[in-house]
Amino acid sequence: DQQVKQNSPSLSVQEGRISILNCDYTNSMFDYFLWYKKYPAEGPTFLISISSIKDKNEDGRFTVFLNKSAKHLSLHIVPSQPGDSAVYFCAAPLTNAGGTSYGKLTFGQGTILTVHP
Amino acid sequence: ETGVTQTPRHLVMGMTNKKSLKCEQHLGHNAMYWYKQSAKKPLELMFVYNFKEQTENNSVPSRFSPECPNSSHLFLHLHTLQPEDSALYLCASSPPGLGLHTQYFGPGTRLTVL
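As given, the protein sequences belong to chains C and X, one line each in that order.
Heads up: the first sequence is residues 634 to 750, going by my numbering.
Heads up: the second sequence is residues 274 to 387, going by my numbering.
Watch out, some of these pointers could steer you wrong.
Said to hold, decoys possible - To list a few chain C residues with every Cβ distance to chain X over 12 Å, as calculated:
1) S645
2) Q647
3) R694
4) F695
5) H705
6) Q714
7) G716
8) L738
9) Q742
Claimed, not checked - Straight-line C-alpha distance at most 25 Å; calculated DSS-like pairs for lysine-lysine:
10) C:K638 - C:K687
11) C:K638 - X:K314
12) C:K704 - X:K325
Hints are computed from structural coordinates only; laboratory data are not their basis.
Note that the Cβ used here is the ideal one computed from N, Cα and C, for glycine as well.
Let's have the full structure, built from the sequences with the hints guiding it.
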């Protein structure tokens with residue numbers, strides 16, 4: 634059962650506009666979330682993260698918003714650039730019964746972002 | 274030298290072959306991971322190693338056999354695979370402690386099983 638879901642397989646945006654990538658989760662115990670970006674023929678690279686004690690984290694053009702009551706997070710890219718075209722994954726750490734994670738991440742299916750010049 | 278390297282980048286093998294995937298990280302990390310990404314599916318965690326000890330086996334079939342001789346190297350030995358095992362296999366590493374979830378990925382090995 635997938636605990637992190639990205640329901641939009643793709644998103645197309647004009648250069649300079651805002652890109653909004655969405656992610657929903659089902660496990661209310663998740664307390665940390667990450668976004669990764671993946672270019673073709675490369676592995677995913679870490680982009681930005683957010684702890685559940687916050688509802689917003691910003692890093693340059695990238696901002697992640699967390700709505701715990703809705704179990705929803707979103708990644709905003711402003712302004713979007715053609716070089717942002719990639720697959721974006723949201724992820725959350727899984728923990729065992731004792732609350733230990735050991736680095737286990739569960740990923741969403743990914744959203745393909747295309748930014749047109 | 275890039276952070277996490279994987280060889281080979283592409284591999285085609287028959288169902289009776291035995292092959293190995295190699296991963297090497299130059300970041301001084303202590304945790305290493307194998308992931309599988311099949312077409313139109315999320316990344317699936319296969320194995321986790323912390324300080325050379327396997328801490329997670331995510332119900333992976335025994336035809337996949339990991340080996341971690343030291344904190345910098347990770348192997349995935351493959352034998353008698355099935356066509357449905359064709360996928361992108363990604364290796365990752367991460368530092369200990371609070372950085373455990375910020376994982377650094379290699380470029381992956383594209384595996385095709387005939």
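Per the stated criterion, does the least C-beta distance between C:H705 and chain X lie above 12 Å, as a non-interface residue requires?
Label holds. Min Cβ-Cβ 17 Å, cutoff 12 Å.
Tell me if the straight-line CA distance from C:K638 to C:K687 falls inside 25 Å.
holds (21 Å)
Beyond 12 Å from each Cβ of chain X, as asserted for C:R694:
holds (19 Å)
Distance rule for C:Q714, whose beta carbon must clear each one in chain X by more than 12 Å:
holds (22 Å)
Grab the minimum beta-carbon distance between C:L738 and chain X and tell me whether it stays above 12 Å.
Given that some Cβ of chain X is not farther than 12 Å from that of C:L738, nearest at about 6 Å, it is violated.
The output says C:F695 does not contact chain X. Does that hold with a beta carbon cutoff of 12 Å?
holds (15 Å)
Going straight from one Cα to the other, do C:K704 and X:K325 come out at no more than 25 Å?
violated (35 Å)
Evaluate the condition: distance from the CB of C:Q742 to the nearest CB of chain X exceeds 12 Å.
Incorrect as stated: the minimum Cβ-Cβ distance to chain X is 5 Å, not above 12 Å.
Is the Cβ of C:Q647 farther than 12 Å from every Cβ of chain X?
holds (27 Å)
Are C:K638 and X:K314 close enough, with their CA atoms no more than 25 Å apart?
holds (11 Å)
Least C-beta distance from C:G716 to chain X larger than 12 Å:
holds (18 Å)
Does C:S645 sit more than 12 Å from chain X, CB to CB?
holds (19 Å)
Hints 8, 9, 12, counting from the list given before, are not met by this structure.
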